[in-house]
Amino acid sequence: MALRMWASSTANALKLSSSASKSHLLPPFSISRCFSSVLEGFKYANSHEWVKHEGSVATIGISDHAQDHLGEVVFVELPEEKSSVTKANNFGAVESVKATSEIISPISGEVIEVNTKLADSPGLINSSPYEDGWMIKVKPSNPAELESLMGPKEYTKFCEEEDAAH
Amino acid sequence: MRVKNVGVPLMNLVKLRGTPILQQLLLEERLLRSSSANWCILNDGTNLPTIVMGFSGKPCELVELQPVLRDRIPVIKRFTGGGTVIVDENTLFVSLICNRNDLPDVLPYPPSLMAWSGSLYSQVFNGIGDFQLRENDYVFGDRKFGGNAQSITRNRWIHHTSFLWDYSETNMSYLKLPSKVPQYRLGRDHTDFVCRMKDYIERSVFIENTIKAVGTQFMLKELSLDEIDDSCREHLETTRLLTLDELKETLAKTSRSESIAQAV
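Just so you know, the protein sequences line up as chains L and G, in that order.
Heads up: the first sequence at position 81 corresponds to 81 in full-length UniProt numbering, and the numbers run straight through without jumps.
Heads up: the second sequence at position 224 corresponds to 224 in full-length UniProt numbering, and the numbers run straight through without jumps.
Do not rely on the hints blindly, as some may be mistaken.
[As the list claims (entries may be wrong)] Facing chain G, from chain L, some residues (calculated, C-beta under 7 angstroms):
#1 GLU95
#2 LYS98
#3 THR100
#4 SER101
#5 GLU102
#6 LEU149
#7 PRO152
Calculated directly from the structure, the hints in this document are not laboratory data.
Glycine is no exception: its CB is placed at the ideal position from the N, C-alpha and C atoms.
Here chain L stands alone, though its shape is the one from the complex (with noise of 0.2 angstroms):
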């Protein structure tokens, strides 16, 4: 997700959650709304992607931090099953608030299915950016990608040291 983060104010708000399936358990609008969740079992690239790995698939999606900052999503543009995904290229573009956002793929490989539920209701990326907003799955080409992907506490710092930089 091509986004920065929020100011100093929510620089300690992020948390970790145990796993994807505890993450319907953390509301989407709560009071304090600073709060963005961060799942374990996920990889995070700096540009606010993540990507699960299971097998020879992994699906890719971007984080709740990145969904709370857009607003609310309106569009979403993704590649074609069959095509091809390049890690650190844009491979579509969310759209929000007057604005088009690129996404950017953490990984390469093939698309191997494209979550079409998207093209009618693009607010499931705000409301579960982790599950139902998954945006692709993809069959790596180099799985050693994964590696140079950062885990959830480093990318709850990344946040954070992106927080105080501003």
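Using the hints, position chain G against chain L.
Frame of chain L, contents of chain G only:
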């Protein structure tokens, strides 16, 4: 090329007049994606009435297709988000393309960019007409005269604006009322919602003040269109002119859907 002088980044200034809006948008998309410089593009009117939709715009929802096809009004889909406008020789365009690192205090996400631009234009209008940024629009009081849109990439962003210097009611009738309207519109019809910038400021004064305001944050270097390096063409290009066939097909589908709905 970026050069810093006394901590102020460089920005290339390109002043156009009557440049076709498709050409302007294609240039902007190329500069956003392929250039590493900062750019301010001013286009003083465009040559033909043209409808410009945002990235996700659907003609059937936003455009009165029958008169548009009848009168051969061009319809463009641009690379930035936001709504639909019809532009002509009485529309002024200001586009700002920046490296995020050259404005480190401006966070590169929509609300922050919008706030920064609102602050910039506050300098331009300097108290004229109760200027303010209101729900992403530029208004005098509660009447809109400027619409904004953005595109944000990994390291750069564009914020561009179309200003209603003047407008034709006939041209406005080619557009449908969008399903999403700002809250401050309060159900007003078009004539009560928008206003003409010419009633508030001289055209030359607006252009001069805009250049001056941008010049408080950047060192400006004027370039002509011919001086822009266009050797790099390997970039994603999403801005395009919709074809007549596309528009006709959309109208046909819409008519069929409406017929079925009426029959049921």
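Here is what the structure says about each hint:
1. Against a cut-off of 7 angstroms between C-beta atoms, the interface hint on GLU95 (chain L) holds, since the closest Cβ of chain G lies about 4 angstroms away.
2. Hint status for LYS98 (chain L): holds, given a least beta-carbon distance of 4 angstroms to chain G, under 7 angstroms.
3. For THR100 (chain L), the suggested interface contact is upheld, since its CB lies about 5 angstroms from the closest CB of chain G, less than 7 angstroms.
4. Here the hint on SER101 (chain L) is kept, as its CB sits about 5 angstroms from the closest CB of chain G, short of 7 angstroms.
5. Interface restraint check: GLU102 (chain L) against chain G, minimum CB-CB distance 5 angstroms, threshold 7 angstroms, status holds.
6. A hinted interface residue such as LEU149 (chain L) counts as satisfied when its beta carbon comes closer than 7 angstroms to some beta carbon of chain G; here the least separation is about 16 angstroms, so the hint is violated.
7. A least Cβ separation of about 22 angstroms between PRO152 (chain L) and chain G goes past the 7 angstroms threshold, and the interface hint is therefore violated.
Hint compliance for this structure: hints 6 and 7 are not met, and every other hint is.
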